[in-house]
Amino acid sequence: MSGLLRIIVQRLLLGLVTLFVVSIIIFVAVNALPGDFAEAILGQGATEEAVTAIREQLGLNQNAFTRYATWLGGAVRGDLGVPLSQALFAGNFGTTATGTDVITVVDQIIPRLKNTLFLAGVSAAIAVPLAVTLGVLTALYRNSAFDKAMNVSTLSAISSPEFFIAYILILFLAVLNPVFPSLSNIFPGMEFSERLNRTMLPALTLTLAVTAQMMRMTRAAIINLLASPYIEMARLKGLSPMRVIVKHALPNALAPIITVIALNLAFLVTGVVVVEVVFVYPGIGQLFVDSVKIRDIPVVQACCLIFAAVYILLNLTADILSIISNPRLRHPK
Amino acid sequence: MSQLTRRGLLKAGVAAGVLSATGMPLMAAPKKGGRLRLGIAGANTSDSWDGRTHSDSFMIMCAHGAVFDCLTEVGADGQLKGELAESWEASADAKTWTFKLRQGVTFHSGKPFGADDVIASLEMHTAEGAKSAAKPIVSAISEMKKVSDHEIQMTLEAGNADFPFLLSDYHILMFPAGEIDEAIAAGNGTGLYSVESFDPGVRFVGKRVASHYKGDDAGHFDEIEVIAINDSSARMNALMTGQVDAVNRVDVKTEALLKANPNVNIFEVTGNQHYTLPMLTGTAPFNDLNVRKALKHAINRQEMVDKILQGHGKVANDHPIGPANQYFAEDIEQNDFDLDKAKFYLKEAGLTELNVDLSAANAAFSGAIDAAQLYQASAKGAGININVVQEPDDGYWSNVWLKKPWCACYWSGRATEDWMFSTAYETGVPWNDTGWENARFQELLLTARAELDSAKRKEMYTEMQMLCSAEGGTVVPMYANYVDAHSTKLANTGTIGNVFQMDSSRLMERWWFA
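The listed protein sequences derive, respectively, from chains A and B. Note that my numbering has the first sequence beginning at -16, numbered continuously upward. Note that my numbering has the second sequence beginning at 8, numbered continuously upward.
A few chain A residues that face chain B, going by a derived Cβ cut-off under 8 Å, partial list only:
| hint | residue |
| --- | --- |
| 1 | Pro17 |
| 2 | Gly18 |
| 3 | Ile153 |
| 4 | Ala157 |
| 5 | Pro161 |
| 6 | Pro164 |
| 7 | Ser165 |
| 8 | Leu166 |
| 9 | Asn168 |
| 10 | Phe170 |
| 11 | Val260 |
| 12 | Val261 |
| 13 | Asp273 |
Computed list of lysine-lysine pairs in DSSO-like fashion (alpha-carbon distance at most 30 Å, straight line):
| hint | chain 1 | residue 1 | chain 2 | residue 2 |
| --- | --- | --- | --- | --- |
| 14 | B | Lys496 | B | Lys88 |
| 15 | B | Lys214 | A | Lys97 |
| 16 | B | Lys214 | B | Lys38 |
| 17 | A | Lys276 | B | Lys410 |
| 18 | A | Lys276 | B | Lys142 |
| 19 | B | Lys314 | B | Lys266 |
| 20 | A | Lys276 | B | Lys260 |
| 21 | B | Lys411 | A | Lys276 |
| 22 | B | Lys39 | B | Lys214 |
| 23 | A | Lys276 | B | Lys314 |
Calculated from the structure, these hints are not laboratory results. Computed from a prediction, not measured in an experiment: that's the story for all the values here. Think of the CB as a built atom: it goes at the ideal place given N, C-alpha and C, for glycine as much as any other residue.
Starting from the given sequences, assemble the full structure and let the hints guide the process.
Right, dumping it as structure tokens:
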């Protein structure tokens, strides 16, 4: 297993490098946005003096490199800083942004991240079993009417923009047949069943957005293997087609399926922005949009870093699981 | 109507909604109870209970409309009444004001409310380094003297007849002295609803205070839940599917869908919110009064109301005073769409043709670019070629407004004439977005400010509106209505405030479940 451990450490370190590069890209991109926090927050009141005063107070007038270095220095120590908006309010009391009762970026993000993870969890709990089952079934009945119907419907779902799917679901499941609420405003202290009920529509939207890829990959991976000699052997033994696929083909097709599942799980966390806005779901995507709107750079950067980290970690997990699931990779010669 | 019986009149009146408008007591007494759920746009993760920072509808509704109180309040009928102040009187020069405060009022924390709280709350706005939109109001107070626990005397630097009106501003909330930081953190005010939970940019839940000085006349709901829904489709959906009882900022594009729903009513008022096209009067060609007049006659205002606001507005007359102002002069001469007049003034300016740039972005107001293009089309007939310059939304207020010779802009309006004029029309103030200077206007502004006689003030403010309309540097095409919607489960008195949206943001206080 030491080989595996080495790979994990190596990949984690590489992940850190990627994060660092991502942080630079984020910083440059956010700085390239026209307008800044001072202008966004002041709106019509953005006279030159007011803008200058706020920039000075928040250190926005320092050069980009200094700001980046300060931020990165904090981030390495786990301190993602204080949202500019909070720092501005703290200034209103004549106190500084370093006091203990100031809301930090971390304070702001954690509850939102939990909500997003909950949504991702619910979606995954629906999407993954659904996609794998459909994949197995379509492989089993390949080229049948069922296979074609499934392919057409899942591919149509993935080809439509999420907000469109979201509105279609709202129309059919909230407006015409009030099954689920169209408003997913979950909050702490809500009963689990109610929370689940309110999360259902965004979860279904995400499910429709990710099912196709996982299903198609499962189907393709299995069909690929069906020409292998051991499958033929199993068939000749007289096993039922279902048993051939589930017992003999599926375990050997796991590696690509796991990879694509991991990628889609990452999408469930990072691709929620639009879905959260449509359903008013208080997750990290909504926070991200709100923060971009007012150019609250520390929050935007922290959100991006979290998104990047999720991608990297899930990819890593996928690789490790593929290695574990494949004895040939586990014991390289 | 010869066979009019009392019963018949009541029936007809109810059907037409006539009686409710005349204020006759036809509705049963408001019913108590229930949990009101609102879907409100204009929420930010940066929201807090600090009244100085409030500028968007979510916090104005929650703080000004539920948790906190001001000294004075503009009633639904537009009349000023006391909120935490019981009564007030001014010296003859309108410089010294004495306010008697309501007795027996307590904050949600249990602390009694008194004169010290007023002083501390007002001083918040002028504190060192503080940023408050109400700073100009408060910094005009040169001295605050506590006469007794429930009486306070304020001396102004110069007379201001509107001073009590200004204190109804939603920024000037009353906080408990000595614990203002804590009150801002927890939301501790004297309002009808105390804070149960507050998640900035997400949700606010309030609970009716058990015994409140406003008594049974206000605050009919047991609980209120204000949900932040910035996305307009999501907000409309929430109302259509009955997950909220009322929403603000109806998207006029999807209005037909709301109207088709029998469980939803749209309610709208024309307030002071208006869209403007300010010209820098120090820059050619706008320094020529005749050019300005030509432009004012080359715009088809009604078309703009119909096409940009989808009819949810009213034609304006190139001055910033609106129907929610006390001395709104509705009957002065309207600058009409008349290409002959436009040509005439152009000729007076010695021109046969005029080429001007109009800078616009939808950051100025929703539909500003379309409005500029309509203007371009309507002005063409008078030989005026308007070149519409599309500006980026970002940085619009710092790079375009006050900088480009002619641009689009909006104003939410102000509660008083003086406040509006002195914000954007007085000579030399930073937001005078046209740089317009007029000696007579300036003289009237200063005289009217200190005048307590209402009839004289009306006369002066009317003349000022006429001056703006005839000579000012701003084209004001239209007033934009506040368009909101509610479920038919809700009822109100029939009089809806027009200072701000959602019944002047006091829906939670004034409405009830039918």
